[in-house]
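Taking the hints as your guide, dock the two standalone chains into a single complex.
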Amino acid sequence: MKRLGVGGWIILALAAVYFIGPLVLTVIFSLWEGRGHYGISAYVTLLQRPNIVRSLVVSVELALATCAALVVLLVPAMVFMNLYAPRLRPLFEFIAALPFVVPAIALVAGLSALFSGPEWLIGTPFYLVIPYFFLALPYAYRAIDVGIRAIDLTTLTEAGQSLGADMGQIIRLIVLPNLRTALVGSTLLTLAVVMGEFTFANVLLFHTFAVLINEVGQNAPTEAAALSTLSFLITWLAMAGVLLAGRRGGVQLSGAR
Amino acid sequence: MATVEAAGVSKSYNGRTVLAKLDLAMTDGELICLLGPSGCGKTTLLRIIAGFVTPDAGRVLVAGTDVTALPASARRMGMVFQSYSLFPNMTARDNVRFGPRVGKVPLAEQHKRADRLLEMVGLASHAGKYPHQLSGGQQQRVALARALAVQPQVLLLDEPLSALDAKVRAQLRDEIRRIQRETGVTTVLVTHDQEEALSISDRVAVMNEGRLLQVATPSQIYREPADGFVARFIGAAAVLPGVTEDGKVRVGQIVLHAEAARQHAAGKQVDLFLRPEHVRLEQLNGHMPPDGVAADVGDTTFFGSLTRMRLTLADGQIIWADLPSEQAEQFKPGSRVLARWDAESPRVIPRG
Ligand SMILES: Nc1ncnc2c1ncn2[C@@H]1O[C@H](COP(=O)(O)OP(=O)(O)O)[C@@H](O)[C@H]1O
Ligand SMILES: [Mg+2]
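Residue numbers (the working numbering), protein chains in the order written: chain A, 1 to 257; chain B, 1001 to 1352.
Think of the hints as simulated: they come from the structure by calculation, not from any bench. Ideal placement from N, C-alpha and C gives every residue a C-beta, glycine not left out. Heads up, some of the hints might be wrong.
A few chain A residues that don't get close to chain B, going by computed Cβ distances all over 12 Å [stated by the list, open to error]:
#	residue
1	10
2	100
3	134
4	159
5	164
6	176
7	177
8	199
9	206
With beta-carbon atoms standing in for the labels, derived distance ranges [to be verified]:
#	chain 1	residue 1	chain 2	residue 2	range
10	A	240	B	1065	56 to 62 Å
11	B	1112	A	57	24 to 30 Å
12	A	149	B	1104	32 to 38 Å
If we strip away everything but chain B, and leave its shape as in the complex, we get (with noise of 0.2 Å):
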């Protein structure tokens, strides 16, 4: 167990720039997502830090010890791929002990340690199947086992559940998550699902084109996103350009009440977020009270418990709103409605 640091670690491909002097640190034992759209380099972070590629500047360290320039078998660390990476000529149990195998571990203790981890993962009695024998849930809690089966210093996991459905990626997840507990292994979890990041991680690194945009814990990701991207990016909300007024973002024709416009001078082009569960609908009686705001009813998507509803304001923008199911049923798509939400609600972050 370690603290991980990558510092100013820069790549390039033919003249891209994949990485751009990027910074993160992590504490011992900590499980941190790389959170990202597609393309945006969580892998090749995750393939720097392994020493599966040499970063073209900065340094990654270990425990304080600089391992640039180790190569990827003499960094003690755990690797789980995307794709399916079991040795299809080895059982499971050979597999986790491959490990141990080729460091020389005693046979017995190989075993044993093998055993041990499949128990784990709850395997214990597949140990003798052979890959191709496992579905790709039980495959990937193999390659779990195999990876900590060094007794890695750091644990990597490469989009670990992409491949699975849905039903098994939420169970191994919460699998993943107490097997890291448990083992107390730093680990770096690489992922573009937002809500796997959100559910599993200590902290929550969003990256885009190359750089880090926040790190911090999922609850404040999702309650004070640092911009634009992070918000979008995080949960469904609705991003509405505008101009600051007292206390209120003109959006348009409309002004939309905002406690935090004040922390900005007033006339400065800002974004407002606005989340779904913040808004809430009344029936239109013909007075509109000063922080409301008449909305059209659109689609609407039945989530069972919740139901999201999709709004669209005077100028044509949209907002969401989830209501509990049985009170979204009184407002029929094509009505017109009153939006309302608390002044706290919104953020508002300027536009750059």
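Bound-form chain A, shown alone (with noise of 0.2 Å):
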């Protein structure tokens, strides 16, 4: 391998000093107690706050429904579009990537003219697994297709039926287990998208994550930067947790030679 030039790790250094740095002086500036004073004070009083832990539960419960229902509902839906109308995949892409041209404003204007249903929907956060549904949806579509072209999908179904399982059974004991690796993408994918929506849950009024870290940001900006900080690391240890569950999986799904 060619060793890198002198260029070379001056670019790095810039790299990391531009990725690093704002991270470090968020950190900094969470810590700071104003007068020179450092310590820990915001990340205290932070914790403190009645509904950061209410919130977070909101947001990761919001999360796995989306998550949920998109496994319920898309799967299943692609499998039989994979597997008996391949003619209507353009119209699934087109829908996939609906939720990018249409503004999430537009959306919301849409959603509760549209949604005026009983008050234990509407009246829940749990209303917002509809919206967020379609938010995520491009992203699942994307991670669940790539993972159901690298199976040979029609061969495995068709063995399971000869062999006498019926299309529950072979959805849930082989189709769903060899597309792993790409629910686990769609989840983490999902996560992300759900824990930092603003817009839905702030124009309807739910006290999600998201909007808590926009409260905090306008009146204690100290904390606003603990929770970053916080938020950051619940991401990363996350994302960690998935890649690594991931990957013990891909070693069994690497597929045959």
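Following this line, the structure appears as structure tokens:
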């Protein structure tokens, strides 16, 4: 392998400064207690806020519910499309790309006009699963599509059928386990989208994690920095966990020679 | 185990006929090869029997029962696919016991069956491996064991050996035959390789363009091909178009003797089939016997004990001769020789 020259090292250092600099400064700022004092008081106040845990829990629950909805609805739909109606693929691609084209605020307006549903639905934050489903759709669709293309879905399905399995057993025992890596990826992306989503939650007046970050940022800057640091750590831990799980699956799934 | 029958099966895609009112009846425990060139409809017929494709017309009967309306999952047919089809997320053992497992067979019995079948295909020591840890040949063995684990009435194999290299292919071919005999399961094997078909089958069904041309034992197919297509497809026979005379066939300027020409009226348009193993060569020494013909030696192909020689007749027609290799050395490429054969050897089939 070619060794990195002086120029290479300089570029690498500049990139490191560019990426790590703001992070370090955020951490330092979050530790600032005014007049040259440094300590963890911002973190203490932050964690003492009454709604922080609740909003975090709400966001995580929303993310998981969205993931579940995507797996339950999207995977069978895509499996059936690939097996029995491959001609519908362009339609699927189009629908999956729509959320990119339509601005979030237009979605909110449309959504609140459309869903004047029962109180038990629109009164809880789980109402947000509906818009989040569509927000995460493009990412989840891509990830699952890549996974499905990587296996010979038709042959595996037919093998399952000839062995007497019904479609439910085939999806549960054959398709889902072989889409593990793809599902990990789609879960990761969905988590990221839902955890960071602000517009819907704010306009529809739900107190999610992203809304809280925004609120804190407006009146307590050091706490906001502390919150950013924390959410950065949480996100990284989550990603590392998901990636590790995916890698372990990946060994078994590297496919037939 | 059961008899299998396809009766009047037709299928077309986008107005193109792929199978044309095809009839095929198999006896219990028989191994039939569907043999034909690529695209002739072999896979389509197999998939109709398996229940993956619905025929436009006709019926599929297993042990006399009409199964045409049954889905594949209810037909109890084991299937081995051309491409590797093992479930990548399961070990060899779990692949094999998948059928019994979804069939609600007790767990202990599932494992017993899987272990016995892996033993049968010689992979007992690989039971815990995942498909990607197995070679292509091993994967197809596991696929065979998996198909047999549902104790199928019928075993269907769609070119199971075509992705393997020659040595493994020959080995696994013999093994499929042995296992088929041991289990006695009625088997349809699709192939486009005539050597494979002839060596493994009880009967060979030769197909072309959606039709069955001949269904017969390998030796019948080889010795008495029903028509020009079968003769050309099975082995390397020279096919020479000509006109019958008394006990001969006139091909262009030359006359080739063939007893079988007497079966047809004189002056009939026929094809004469001459197999390379029937042709003998002698040195030309001035005189030309009435049953001989002059030929120029062309390229030779060395097959070990045999050498195949390409011969050009006076009008440019090509025939081949298979000679023992040490004998073939006497006939140098470019030399003119005398080619002879027994009058009973060539087949003469009307051209239609
Ligand atoms: N699902 C399908 N749609 C359209 N045409 C098909 C389909 N399946 C097979 N065919 C056509 O039918 C013909 C026979 O195919 P197949 O049975 O696979 O041939 P073989 O197995 O003998 O090579 C081919 O020309 C193929 O293109
Ligand atoms: Mg085929």
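### Message
Can you tell me whether the CB distance of residue 1112 of chain B to residue 57 of chain A sits inside 24 to 30 Å?
### Response
With a Cβ separation near 49 Å, residue 1112 of chain B and residue 57 of chain A fall outside 24 to 30 Å, so the hint is violated.
#### Entry: Minimum Cβ distance from residue 177 of chain A to chain B greater than 12 Å, as the annotation requires
Non-interface label on residue 177 of chain A violated, nearest chain B Cβ at 4 Å vs cutoff 12 Å.
### Query
Can we confirm that no CB of chain B comes within 12 Å of the CB of residue 176 of chain A?
violated (9 Å)
### Message
Please verify that the nearest CB of chain B lies beyond 12 Å from residue 10 of chain A's CB.
### Response
Correct as stated: the minimum Cβ-Cβ distance to chain B is 43 Å, above 12 Å.
### Task
With respect to the beta-carbon atoms only, verify the hint that residue 240 of chain A and residue 1065 of chain B lie 56 to 62 Å apart.
holds (58 Å)
### Query
Beyond 12 Å from chain B, beta-carbon-wise, is residue 100 of chain A?
Non-interface label stands for residue 100 of chain A: nearest chain B Cβ at 32 Å, farther than 12 Å.
### chain B versus residue 199 of chain A - minimum CB to CB distance exceeding 12 Å, so not interface
holds (39 Å)
### Task
With 32 to 38 Å as the target window, see if residue 149 of chain A and residue 1104 of chain B comply at their CB atoms.
holds (33 Å)
### Task
Examine each Cβ of chain B, and state whether all of them lie more than 12 Å from the Cβ of residue 159 of chain A.
Answer for residue 159 of chain A: violated, closest chain B Cβ roughly 4 Å.
### Query
Just checking, residue 134 of chain A versus chain B, shortest CB gap more than 12 Å?
holds (30 Å)
### Query
Is it the case that residue 164 of chain A keeps its Cβ farther than 12 Å from each residue Cβ in chain B?
Residue 164 of chain A is in fact no farther than 12 Å from some Cβ atom of chain B, at 5 Å.
### Minimum Cβ distance from residue 206 of chain A to chain B greater than 12 Å, as the annotation requires
holds (38 Å)
Checked against the numbered hints above, the structure violates hints 4, 5, 6, 7 and 11; every other hint is satisfied.
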